[in-house]
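K.L.:
Make the full structure from the sequences, and use the hints.
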Amino acid sequence: MTERSRVVLGSVRATTGLLITAVTATAVVLLAGTTLPVVTAEPVGVSVDTSQTTQRTLVCQGSFAELGLDPENPEATSLTGDVDLETAGESEGIDPLTTDSAGSGSAPAVRTGQDSAQFGAAQSQRVSSEDIRGTAASTCVEPVNEQWVVGGDTLTGTSTTLSVANPGEVPATVRIDLYDENGPVDSGQVTGVLVPPKSERTISLNGYAPERERLVAHVVSTGATVSAGMGIGQTVDIDPFSAGSVTRQLDPNDRLVIPGVTNRNTLAENHTGEAQDLDQFPVLVRAFAPGDEAGTATVRAVDENGRSYDLGEISLEPGVAGQLEIDQWPTRAQGIIIDADVPIVGGAFGSVDGDERHDNAWFSPAPELPAGVAVAAPVVNSGELVLSNPGESDATVRVERAGDSADDDAREITVPGGGTVTAEIRNGAQLRTEDQVHAAVRVVGRGALAAYPILPIGDRTQELTVYTR
1 MTERSRVVLG SVRATTGLLI TAVTATAVVL LAGTTLPVVT AEPVGVSVDT
51 SQTTQRTLVC QGSFAELGLD PENPEATSLT GDVDLETAGE SEGIDPLTTD
101 SAGSGSAPAV RTGQDSAQFG AAQSQRVSSE DIRGTAASTC VEPVNEQWVV
151 GGDTLTGTST TLSVANPGEV PATVRIDLYD ENGPVDSGQV TGVLVPPKSE
201 RTISLNGYAP ERERLVAHVV STGATVSAGM GIGQTVDIDP FSAGSVTRQL
251 DPNDRLVIPG VTNRNTLAEN HTGEAQDLDQ FPVLVRAFAP GDEAGTATVR
301 AVDENGRSYD LGEISLEPGV AGQLEIDQWP TRAQGIIIDA DVPIVGGAFG
351 SVDGDERHDN AWFSPAPELP AGVAVAAPVV NSGELVLSNP GESDATVRVE
401 RAGDSADDDA REITVPGGGT VTAEIRNGAQ LRTEDQVHAA VRVVGRGALA
451 AYPILPIGDR TQELTVYTR
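Position 409 (the sequence shown) corresponds to 409 in the UniProt record's numbering; numbering is contiguous.
Hints were generated in silico from the structure; no laboratory data involved.
DMTMM-like, lysine to aspartate or glutamate: derived pairs with alpha carbons at most 20 Å apart: (1) Lys198 x Asp95; (2) Lys198 x Asp100; (3) Lys198 x Glu92; (4) Lys198 x Glu142; (5) Lys198 x Glu146; (6) Lys198 x Glu169.
P.N.:
Take a look at the structure:
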């Protein structure tokens, strides 16, 4: 090819390249201003009913765990006696948990049932040993990741334990934060308690926080959900004086309703013919504000007619267990309502005397019953139902056979506005109301006292929507 031909060919190629570039640029400009069709596919939502393949789990504490029976290990616990376990609603079975406590008493147990079923369980025990005597009762509870237990002390003569159960398949690491009348208890030993799967561990709070007048325990778990409950035994000199257990509570609230609070000094009444001016064993009301704000809690007692008795106030400091001592409990009072200007947890302490015996109990707040939903009401032997209505208008509670909303034999109980009433019902019944009502079960007799709240099954999402790609 001659030199002239090469020059011509190069010019042609350059011109062609410029034309292609120009056409491409023009196309880009035109496309930028043009809306092109887009093909999209909306995600397909598939509804999945989660209640068909899941179960509810309730954990029961088992026998009272007594301290000090092993002289070589005074912090070890031993299960004393057997419990009576009552179930209401549709449960499917019961499985025992292993425990680090010695003794031949009833092991902690797990009740299971379908996620959609309403069922509940509770236990009671007449504790009688050489060192401990009294009546204990508690609700079987769903395991959760965070809970509070309010009650007890570690003063001389009182033994307080905290039992933490893990019904799951994997270990749970549990952080236990203790608070007393001065604030947080500095005890690194309590942090990071390992609870193996299918087991319960019982911890002596006397060893971690000795000589404390007021106790509040905050239990937080990771790895698996757990249940927590407290056991309290008391002696005077060397004689057994009382025994009891405390049911946990969940979220702090600015109103706590505690049905069934009782204080009866029958020995003094029988001896003098009339009640003493001041109670020999005063009612105690304990309140704790977990947040960062200080506040005030107003405490009042209520009776079956809706009458209210102002009892006093509790000054709330963040992280400090506040307490009010009631010198004289109103004779007709059946419960306590605590109103606070900050969210709190709390409880109340009452006692009874009779037949030369004494017993006391810590009463836990009862959550509000969900409107229009049947709630199983397990009632232990000798127990009576206690219903509280903190509202202004009368409330109606329907008592039905379990699983039978059309029960022709159902009865209705009226609870006056601001009142608390008691009723005898058969075990296994279910409660239904459209009003603002809180419920508990109380065991009270001459020298016997125990109580526990009726706990509705926790809300869960029954249906999930899964989007496929």
